[in-house]
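Colleague: Sequence:
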Amino acid sequence: MKSGKAVGPDDIPVEVWKCLGEAAVEFLASLFNRVLESERMPEEWRRSVLVPIFKNKGDVQSCSNYRGIKLMSHTMKLWERVVEARLRKVVEICEQQYGFMPRKSTTDAIFALRILMEKYRDGQRELHCVFVDLEKAYDRVPREELWYCMRKSGVAEKYVRVVQDMYERSRTVVRCAVGQTEEFNVEVGLHQGSALSPFLFAIVMDQLSEEVRQESPWTMMFADDIVICSESREQVEESLERWRFALERRGMKVSRSKTEYMCVNEREGSGTVRLQGEEVKKVQEFKYLGSTVQSNGECGKEVKKRVQAGWNGWRKVSGVLCDQKISARIKGKVYRTVVRPAMLYGLETVSLRKRQESELEVAELKMLRFSLGVTRLDRIRNEYIRGTAHVGRLGDKVREARLRWFGHVQRRESGPS
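Using the UniProt record's numbering, you'd call the opening residue of the sequence shown number 1 and step up by one each time.
Any given hint could turn out to be false.
[Said to hold, decoys possible] Straight line, CA to CA, 25 Å or less: simulated BS3-like cross-link-like pairs of lysine-lysine: (1) 301 with 281; (2) 282 with 57; (3) 55 with 301; (4) 304 with 366; (5) 119 with 282; (6) 304 with 316; (7) 333 with 287; (8) 305 with 397; (9) 5 with 18.
Quick caveat, the hints were computed from the structure, so don't treat them as lab data.
Let the sequences and hints guide you as you build the complete structure.
Modeller: Dropping the structure here:
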């Protein structure tokens, strides 16, 4: 586990175990072996604190626009990681699942979708995509369905009971700005903020979609983000209905309002897609895993979103970046750590024109000049600004990211499956 994480109700951070070194390893090994043998974890681990986090979209007064994150015992999270490592050895997840899988990332899924759309545009053929949204996916997973999916995936009964114990008598309180609620039991769904929950959800989705999913890239999943693609509107509509039936009969819920449809190379009269008689919202662009894809193949809006994300990150740390008492080297390090990753996200999958690359670099230089207290009237060259802050050209960093990801793909293809 990384350091600096919010602690659970026991107030014991993971840094405590890291500081104890070998003594902690011996103690935790003994503790975890006893928990595994007895199939009962300490009662203190069953308690958590639920913190609602606003999703930065929609009505701030609507509870549906908040994501509840559980602050759990760090020691329990270490135990969860041990269990997860054991489960990954026996459970095989389908190749269509990109979320929380080894050697896979959002970049792989974004690139697969972009290249599929590009091929169909080049061939002047229609491509129909439906982006399926699941309502409160983690919170809706029925516990009995989870145990069933684990057994069907080949998980030993002992480990099914171990995971069941993690969810038995689990209790939480909600903490917000005005105070804390009374403690109450949690009897449905997966723990948000748990180290094990992402893999458990992948197991559930793998089993629920077994009969309806197609080969990648016609079906791609990143946890609960699902994309269904087909060459005809009728086919994608039929696939969507099969997915709805497969998911909803097992306790999940497809959101009618947030599921969206996009058509590449649309001809006149292509129509739209319906789900149980309701018309699915038709869009010309969609924010897929944080990257904006457009039906016309352009990436101008994605570039503008990257610039906006960069400025948002810059404003968050502007108190540091604009402080004259802080050295340019430190400012450059903060910039490279906080701002630049937001600007570079997903750009290794995009074919940038020179104009768009220039747009990104102009925005970056404005941020650097503001940070260093330099204006254009000072007539200081851009190269000097970058050198002072120890920040390379953004275009070069995009190319570096592409090469790094290309190497990652090559190693994955040549490595063990």
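Colleague: Would you mind marking each hint as holding or not holding in the structure?
Modeller: Do the hints match the structure? See the list:
Between the alpha carbons of residue 301 and residue 281 the distance comes to roughly 20 Å, so the proposed pair stays at or under 25 Å and holds. Annotation: proposed proximity of residue 282 to residue 57 holds, straight-line Cα distance about 20 Å (limit 25 Å). Only pairs whose Cα atoms come within 25 Å are accepted, and residue 55 paired with residue 301 is accepted, the gap being roughly 21 Å. At roughly 15 Å between alpha-carbon atoms, residue 304 and residue 366 fall within 25 Å of each other, so this suggested pair holds.
For the given pair, residue 119 sits about 21 Å from residue 282 by alpha-carbon distance, which is consistent with the 25 Å threshold. With a C-alpha separation of about 19 Å, the suggested pairing of residue 304 with residue 316 holds against the 25 Å cut-off. Among the hinted pairs, residue 333 with residue 287 is inconsistent with the structure: their alpha-carbon atoms are about 29 Å apart, more than 25 Å. At roughly 18 Å between alpha-carbon atoms, residue 305 and residue 397 fall within 25 Å of each other, so this suggested pair holds.
Of the pairs offered as hints, the one joining residue 5 and residue 18 holds, with about 13 Å between alpha carbons and a cut-off of 25 Å not exceeded.
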